[in-house]
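> Since the structure of chain A is already known, use the hints to place chain B on it.
Protein chains: 2
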Amino acid sequence: MNFCSNCGSPALKNVIPIGDNRHRLVCGRCGTIHYHNPKIITGCLPLWQDKVLLCKRAIEPRQGYWNIPAGFLELGETVEAGAMREVWEEAEARVSIIGVHTIFTFTKFHHIYIQFLGNLINGEYGVGVESLETRLFAEAEIPWDEIAFESSHFALRKFFEDQKNGRQQVHLGAI
Amino acid sequence: MNFCSNCGSPALKNVIPIGDNRHRLVCGRCGTIHYHNPKIITGCLPLWQDKVLLCKRAIEPRQGYWNIPAGFLELGETVEAGAMREVWEEAEARVSIIGVHTIFTFTKFHHIYIQFLGNLINGEYGVGVESLETRLFAEAEIPWDEIAFESSHFALRKFFEDQKNGRQQVHLGAI
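Chains as they are written, first to last, in this note's numbering: chain A, 792 to 966; chain B, 792 to 966.
The shape of chain A in the complex, shown without the other chains:
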């Protein structure tokens, strides 16, 4: 941010506003406080029989690596609707949401991943424009060294652990 988005002034200062306890960018001309907050990435791991559906990324970052369908939550949609939209966009698949699976914080990049589990409807899927390839993987087939993000690695590990233990719970992770 180089200019105040309210008045266009370049006179931005990094100060602690009165009544606050953190540094914020404040406009020296109009006084607008510019808050910056983490963004939500919402996704869903589609399940079919004993397999999970992953997408090979067609776009950066991590092009060519496998990922759980996910993307930025948009204005005006619920977290679960956003997850279902991403599954459609990346894997041309429909899911029925089972529940929340992980909430994973990337503290450095200011991203919060909320990942659901969902049942893949009719076992049908395709390849969305943001994917090079999509595929169902059994646990033994997961390309662990080619998973795009730590959040997805975490979600996959926890999913198979939970399966072995016959339980479903929400896992909190961070990096």
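Read the hints as simulated data drawn from the structure, not as lab findings. None of the hints are false.
Note: identical chains are not told apart, hence a pair may lie in one copy or across any two.
With a straight-line Cα cutoff of 25 angstroms, these simulated PhoX-like cross-link-like pairs (lysine-lysine) come out: (1) Lys804 x Lys899; (2) Lys804 x Lys830; (3) Lys842 x Lys955; (4) Lys899 x Lys949; (5) Lys830 x Lys847; (6) Lys949 x Lys842; (7) Lys899 x Lys830.
For chain B alone, coordinates are given in the frame of chain A:
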């Protein structure tokens, strides 16, 4: 947003960028795409014996109404750390997080509430600067008509329902 925060130009246009499928504010001078995404409000319902700790808000919106301690997630903190910080700021209390309780989307205001359950440590609490009063409530004492936000009303209802049913699960809500 009246001016581009990158170059200061007022030439912002609401268009669908190439490769996108949604309208975004795009700068007609430097081409910066200004994405706007929902923000996370993180909070925790502190539990002590058969009671829950609520705070009467000292600030707008909904000044004078009772609420679960919560606030905007800040850059660089995990969702659960943010929830514990808010409990401290609003109720001068420490909690140990039990787990995620609700994820509630305010689609109109672009806020996503992530609410945890936590055990109030030693049953100790005070009154933070953003609160007029704090108090432990048994279910029969909850001032249902004076709860600040629908997200908190939802979280409280679901908590007492779960208690009756002897279970703990994550509830998705939206308005």
